[in-house]
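Respectively, the protein sequence lines represent chains A and B.
Going by UniProt numbering, the first sequence runs without a break in its numbering and finishes at 342.
Going by UniProt numbering, the second sequence runs without a break in its numbering and finishes at 122.
FYI, nobody ran anything at the bench for these hints, they're computed from the structure.
By construction, the Cβ of each residue, glycine as well, lies at the ideal position given by its N, Cα and C atoms.
Some hints here could point you the wrong way.
Pairs of lysine-lysine residues, derived as DSS-like cross-links and limited to a Cα-Cα distance of at most 27 angstroms, are as follows [claimed, not checked]: (1) A:Lys122 to B:Lys28; (2) A:Lys58 to A:Lys332; (3) B:Lys105 to A:Lys59; (4) A:Lys58 to B:Lys110.
A short, non-exhaustive set of chain A residues, derived as facing chain B with CB atoms under 10 angstroms [as the list claims (entries may be wrong)]: (5) Trp76; (6) Gly77; (7) Gln145; (8) Ser308.
Here are some chain B residues pointing at chain A (derived, C-beta under 7 angstroms) [said to hold, decoys possible]: (9) Ser10; (10) Leu74; (11) Met115; (12) Leu117.
Spelled out, the chains give:
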Amino acid sequence: MSTLLHSYTPPSVSLRLRPRPSRCLRPLRFQVGRMGNSVVRAQAATEVTEAATSEGLKKGIAEFYDESSGVWESVWGDHMHHGFYEPDTAASLSDHRPAQIRMIEEALSFAGVSDDPMKKPKTIVDVGCGIGGSSRYLAKKYGAQCRGITLSPIQAQRAQELAAAEGLADKVSFQVADALQQPFPDGEFDLVWSMESGEHMPDKMKFVSELARVAAPGATIIIVTWCHRDLSPSEDSLKPDEIALLNKICDAYYLPAWCSASDYVNIAKSLSLENIKTADWSDNVAPFWPAVIRSAFTWQGFTSLLRSGWKTIRGALVMPLMIEGYKKNLIKFAVITCTKPN
Amino acid sequence: MRLLTHNMLSCNIKGVTNGFPLKLEADKWVTKEVDLNADFLRGIFPKIEWSALLAAARVLGFAELPEQADASMLSSDDFLRRFHHALLELHVEEGALVCPETGRKFPINKGIPNMLLHEDEV
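Bound-form chain A, shown alone:
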């Protein structure tokens, strides 16, 4: 097991990530004063700069997860998201899987999704489904039909295998698809679920628009995602050192520009979504990255990493930067929920 103690010091690996025109760019400020106009201007700027790289980004994301999913699963299991912990508690290894389950339950509870047989969701979409952990959990919990989409063919395959193994093949199915062009007709789902996939979306407006489009009237939309801190009224952007830190993380995890939780709220408002709520759960996920780092140094974790590829290893090496980002109150773990009007 791990030889690291709780006080983690980052390894002194002098890995300089080559500075290059990064997909991460300057984090965008969405200003939705009057409905739509400012957002359209911000989006036009995004489109010009992102168009050249969005195919590359999608390919990078797919390859990253094709390469890394097996490693993650062998050490952490089938949920590829943060655990939810009580603030200021130290978590032992056996706490993490229940914490990941709790994250799902806390998100459902925050959004007010009903357990009542008449009101519970019957059709669910899992946007950025990974290897289907949430899909299978939600399908079981509600007895619902769940469709998962991911850019990674290997993840989709694995997700389907796990569903079959759990006897859920008749309830869940997985497709390789783009969250920005969901392959579903309008209004298809009672519950629209995005658990830690929003950070991969290069066009946040399009991302939320698609979530809203496939949501049925009255449906609940739940987004749990990494954001940067809200900007204060006097700020136009993050500070240079903050941007530099995020850029390094972006490169390793195939992330486009970050936005804040307020940006998501403003986008939801601009789409006339209702009951918009948000919360900062950064304190509740604090034990997570140190735990992931520790797991990388277990025998199983380390050998799995060595057998994986450069993308996975680079992702692992950048983990201390995530901790740095959280400690600086730059990176936030946010939940944003809302409903589609009836």
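Put chain B on the given structure of chain A with help from the hints.
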């Protein structure tokens, strides 16, 4: 890919006004038996686009669905069995889904449809 999933997929290429239903081409398909759940079938029936299910089932050689269906048929065990078989027991392993407007093919490999659009389709 079961026909239940096929019934929920559509083509969202830019400019396409009617991307549903996708035509089914099947090179390899299998039957996997699963327990019939009448309540589930009755519950899902209103969401099913019947003509799409009918056409897709025919591609897979199953011609025993009625041309049209309405909720009154759900009280017939015989109808439920045929509905169940078409919806849940036929699995397309290899093939393609074809956009009705553009003819663009989305491949199905190992039972998983790939619905990613190309850069110029967005």
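Return the numbers of the hints above that this structure violates; sort them in rising order. When the structure is compared with the hints, numbers 1, 5, 6, 8 and 10 turn out to be violated.
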